[in-house]
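Dock the two chains into a complex; use the hints.
Residue numbers (the working numbering), protein chains in the order written: chain A, 6 to 326; chain B, 20 to 343.
It is possible that part of the hints are untrue.
[Unchecked claim] Cβ pair distances, simulated, as ranges:
1. A:K97 with B:E170: 55 to 61 Å
2. B:V207 with A:D260: 52 to 58 Å
3. B:N72 with A:L249: 58 to 64 Å
4. A:R278 with B:N269: 51 to 57 Å
5. A:T254 with B:D177: 25 to 31 Å
6. B:H104 with A:R146: 37 to 43 Å
7. A:L296 with B:G62: 21 to 27 Å
8. A:D300 with B:S200: 38 to 44 Å
What the hints contain is simulated information worked out from the structure, not anything from laboratory work.
Just so you know, these numbers come straight off a predicted model, no measurement behind them.
Just so it is clear, CB atoms sit at the ideal spot from N, CA and C, and this is done for glycine as well.
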Amino acid sequence: MTTQFKAKVDIPPFWPVDEAGIAEQLATQQAGELVRYGTSIGGRDLCLLRYPNPGAPALWVVGCVHGHEAGTTAACFNLLNIKAEGVDLKGKPWPDIAELAAQLDLTVVPVANPDARARCADCFVGWPAEAIVPLGQSLDRNGKTIPVEAGYPPGGLNLDDVLFLGGLYNEQGLNFTRQPDMDTIQVTEVRQLLAAMEAAPPQCCVDLHACSINVLMMVRNLPESYREKVRRIRDAAAEAIKALGHQFTDEIPGDREPVDTGFISYLRVVHQRFGALAFVYEGRQGYINRLPHCDAADIVDDYLILLRETMRLGVAEGYLP
Amino acid sequence: MNTFHIAKMQVPDFWPANEEGIKQHIAAVPPDRLVRYGTSAGGRDLHLIRYPNPGKPRLWVIGGTHGHEPGGPATCFNLLHILRHGEDLRRKQWPDIVGLVGDLDITVVPLLNPDGRARCPDSLVGWSTGGLDGMAQSWRKEDRSVPTIEEAVPNGLDPDEMIFLGGRFNDDGFLANRPVSVEKTLFVEFQQLLDYMAQNDPPECYLDLHACGSNFFCMNGGFTEPYREKLRTINRATAEAVKSLGHQYNDNIYGDPKPPGPGIVGNVRMLYVRWGTLAFPYEGRQGFLDIIPWCDESDILDDYLIAIRETMRLGVAEGYIPAE
Chain A
6 MTTQFKAKVD IPPFWPVDEA GIAEQLATQQ AGELVRYGTS IGGRDLCLLR YPNPGAPALW
66 VVGCVHGHEA GTTAACFNLL NIKAEGVDLK GKPWPDIAEL AAQLDLTVVP VANPDARARC
126 ADCFVGWPAE AIVPLGQSLD RNGKTIPVEA GYPPGGLNLD DVLFLGGLYN EQGLNFTRQP
186 DMDTIQVTEV RQLLAAMEAA PPQCCVDLHA CSINVLMMVR NLPESYREKV RRIRDAAAEA
246 IKALGHQFTD EIPGDREPVD TGFISYLRVV HQRFGALAFV YEGRQGYINR LPHCDAADIV
306 DDYLILLRET MRLGVAEGYL P
Chain B
20 MNTFHIAKMQ VPDFWPANEE GIKQHIAAVP PDRLVRYGTS AGGRDLHLIR YPNPGKPRLW
80 VIGGTHGHEP GGPATCFNLL HILRHGEDLR RKQWPDIVGL VGDLDITVVP LLNPDGRARC
140 PDSLVGWSTG GLDGMAQSWR KEDRSVPTIE EAVPNGLDPD EMIFLGGRFN DDGFLANRPV
200 SVEKTLFVEF QQLLDYMAQN DPPECYLDLH ACGSNFFCMN GGFTEPYREK LRTINRATAE
260 AVKSLGHQYN DNIYGDPKPP GPGIVGNVRM LYVRWGTLAF PYEGRQGFLD IIPWCDESDI
320 LDDYLIAIRE TMRLGVAEGY IPAE
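Isolated chain B (complex conformation) (with noise of 0.2 Å):
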């Protein structure tokens, strides 16, 4: 496992992203929702937590697939607590999340990816954009320059030739949103996870929490578009209830309308070509310095828990998988 000096940041109470916030809001989940469904190439445990309801609606929530964007375990962990208490972690009451769970089966991964995060700070507010790409794709010992993704894939990257091994890496090298093919990942973390959503039942919504400078959806490439429009749907109230807090939010969803063709595989296409799931990631904001306007970490939290609250909308009033 690879130490570095890893900024240290003070981040507030309601933003759970560091090793030590997530292992105390693990601990606290009720043993009957929690399931620990694996282990890390760092040998970090993996979690979900379970709200089933059979015959609704399957929506699953991940945050962290990406270490170096820790909005979304912190937004996770809100949403679980807003799951249970009503309330999220900041005490703001959340009616419409509350009153939505009970047409809804969620499951929340808060932490796809813990050796990412445990590398990365624990929030950028306040960091220039300058270096992030190396955060995300390390930086080479011999001269530090950045791998590229494609040079990544498929095989990994060797962490001992590394700098700093970036947050979109498991500790063995591995990107964790990078298939070799939508039939094959080597990011044993979503493998376990594949695997376990084989087991029970797979989702039929994935919204996979992400973070870069702004808010926006990303559109799934293999999507038809029945599906598509679904994401459109979603994406217009998330963006009429961000943009009402006076927050920046991109109208146009990343990737549509190019019609469905290759594209990136993601974790996202694999279960969408697996289980027909309306998989999709939503891009949060980190707060940085030099994108305006500003934000801090509640503002961003809140932006989130809008999109999953959009989301959830939409899969009790008409059900997530189009009727094709």
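Extracted from the complex, chain A is given alone in its bound form (with noise of 0.2 Å):
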């Protein structure tokens, strides 16, 4: 297991994305069934918390993928927060959400990627969004930047040739959402989450993540009957986001796309495996450099948002075309 050089960054009660706010929030979690579904490459656990509902459409949220998008993590814990007591980390009533959360299958992955959670800074509000990246691609032994491509499969990045292992990145230097073909899942960690997949398979499965904006982004092999309630949940999103004065970006990239175009990510796997509305949604990270700012409230608030319109999409018309 290891940890790497991070800067260490303050942060709120309500953002429990360290390693201690991670193991003190899956310890406290009483009202889901809290399941160890695998071990990450540097021996972590992977967890998820369910909260079964027979017959209930099926939603899945998963939360850190890359390490470097801590509040996706954090929006998991204030979503278990909302189910287990009505308001969000920060003491904020979600009365929508707790009502439509009780009537879905909800599973929540809230760090599918420990291993480079534990690597990564905990926060980036303020930091330069040109700073960030490397974090996320890594850094070679001369401090030089790695283009994601040279991380694409098969194989992965060679860690000798590593100074930083950046966030999208599994502990033995795979790409987490990059996978060679749809048959072959090289990345441990996604493997085991499929497992737990086929226990209680997703109808609808948001990975969620973060860059600057907040932004849905289309699977490309999803058909136009699925890609409509994506725009649907876009639209809902929109609206209630955009009515804060905050950022979000009408367009969803990807979905002009054809189903055969772009990169294999594992959530084309879940959409091929499982029939599931599979779609990723960015939120923000709070960069000084990008208009309007925000801070780490601002972003909960926008990842509950969408959560709370998947799921009332969800409850009101099921996530199966």
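The structure is reproduced here in structure tokens:
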């Protein structure tokens, strides 16, 4: 198990994304069923929280596939707190989420890639966007940023050449969201996640990420009837997030692309295996050089709104076309 | 006064670099040593701390000319703690510094640009260098571009046109270290310091603590050869001591052996021209992730204190002003 030289950030209590905070949150979840579904390459537990509701639409929320996107873990634990107590970790009530969650079969994976989470700083609010690139992509021994393409499968990064292993990777240097093909899942943590899904197959899988803007991303192998559902979630989330004066990008990258293009992410596999409505939501990081500025509370609110609207669609019409 | 969502960094107790920590340490300075010499553009107090010793070589140590270089102020408060208690804020002993104090007239300006400091994070340890140009130089709202230094001289930047006003600027948008000429600066904080110097004994040595990715001294472009030789002596001694810790150090002094010429007019050039001061910058480290060897705040502090110690040692051994 490794940790790396990393920036020490002062994080608010509602943003429990460091190892101690994650452990405490997992230990205190009373309402859900804590399932240890595997072990990371670095030896950390892979955990999920189940709230079974047989016959209800099955929603999976996955956080922290990328270690440098800590807000996704924070959002998951805030969601779990709403499920348990009706309020998020800031104490803000979310009655709609509490009501909708009770009508779903909910599974939450707060930290899909715990080794990468442990390697990366806990919050990037106030950082320049450019400072984060190497934290995701890794640095070579000369301190140069390694291009994403260098970590494409098969094989991943050569760890002997790596000074800092970025948040995109598991501890073997394999890119979490790049599979060689639909049948070869080389990332151990993804294999175990997919195996856990076999036990409670998702009808919808929201994969939370974080870049500099709020935006949904289309998984390319979704057929049109699925895509229309993603667009409706987008419409509702956009209206609510913009109403707060927050940034939101209406266009869904990948939506205009045909089904056989793009890289093979694990979400593509999730759709293929389970027929699930699988999509990516990118939240914000709070970069200093991106307007409007936002703080950790704004970021959590945006994620929770997206999750609320995803839940609302599932309850209203189900996730499968 | 602009407000931003500043990155909140966890910093060790021995690294007082934010407004609250600095106020606490200023409040702890004995009143007879503390001088409030002015007010920043943003309305913040400007302080210096005096350890007078008439007739001895006059050394001034300056921190925080640039707000995004927090190691300077942190080092100044550690130096002050050594001067008062014989040990730094980590309780590390610096007997050589203590032994040299009695033979110098010392003034410490912990934070020349408090407006810039207030806008910037308390530590950049673990950050990458990406985007650092904007942290220093600002980003424009219009197109997120980073203004060049040339665009900010002499009339400064309009803070209202910036997404973020960089650490090199005061709250009125003027650069801390780019006087209009060797005679005139529009950076009111340095002008007030010059006024104080003029009314008192001006410095014979002015050690301006900065920070980038590596440890090195910068040559004052106006220096004549005898002055240059003194800085080279300080550089050799600092290099030996810093390297003995296994820390990074650039042997070459930036700007040496270039001959005296126009070069950049910085605060140190003004002081040299005005009073013949042995005035020069020392660049410490920031702890960047993409610059090896990695270092933390404690390593950074050690390097600064060594540079100060060797500057003190030269002053005691031979004085700061060459016999020209």
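Evaluation of the provided hints:
1. A:K97 with B:E170: 55 to 61 Å: 43 Å, violated
2. B:V207 with A:D260: 52 to 58 Å: 54 Å, holds
3. B:N72 with A:L249: 58 to 64 Å: 60 Å, holds
4. A:R278 with B:N269: 51 to 57 Å: Because 56 Å falls inside the window, the suggested range holds.
5. A:T254 with B:D177: 25 to 31 Å: With Cβ atoms ~29 Å apart, the hint holds.
6. B:H104 with A:R146: 37 to 43 Å: Roughly 42 Å apart at Cβ, these two residues keep to the hinted range, so it holds.
7. A:L296 with B:G62: 21 to 27 Å: For G62 (chain B) against L296 (chain A), whose Cβ atoms are near 26 Å apart, the range 21 to 27 Å holds.
8. A:D300 with B:S200: 38 to 44 Å: At 42 Å between Cβs, range holds.
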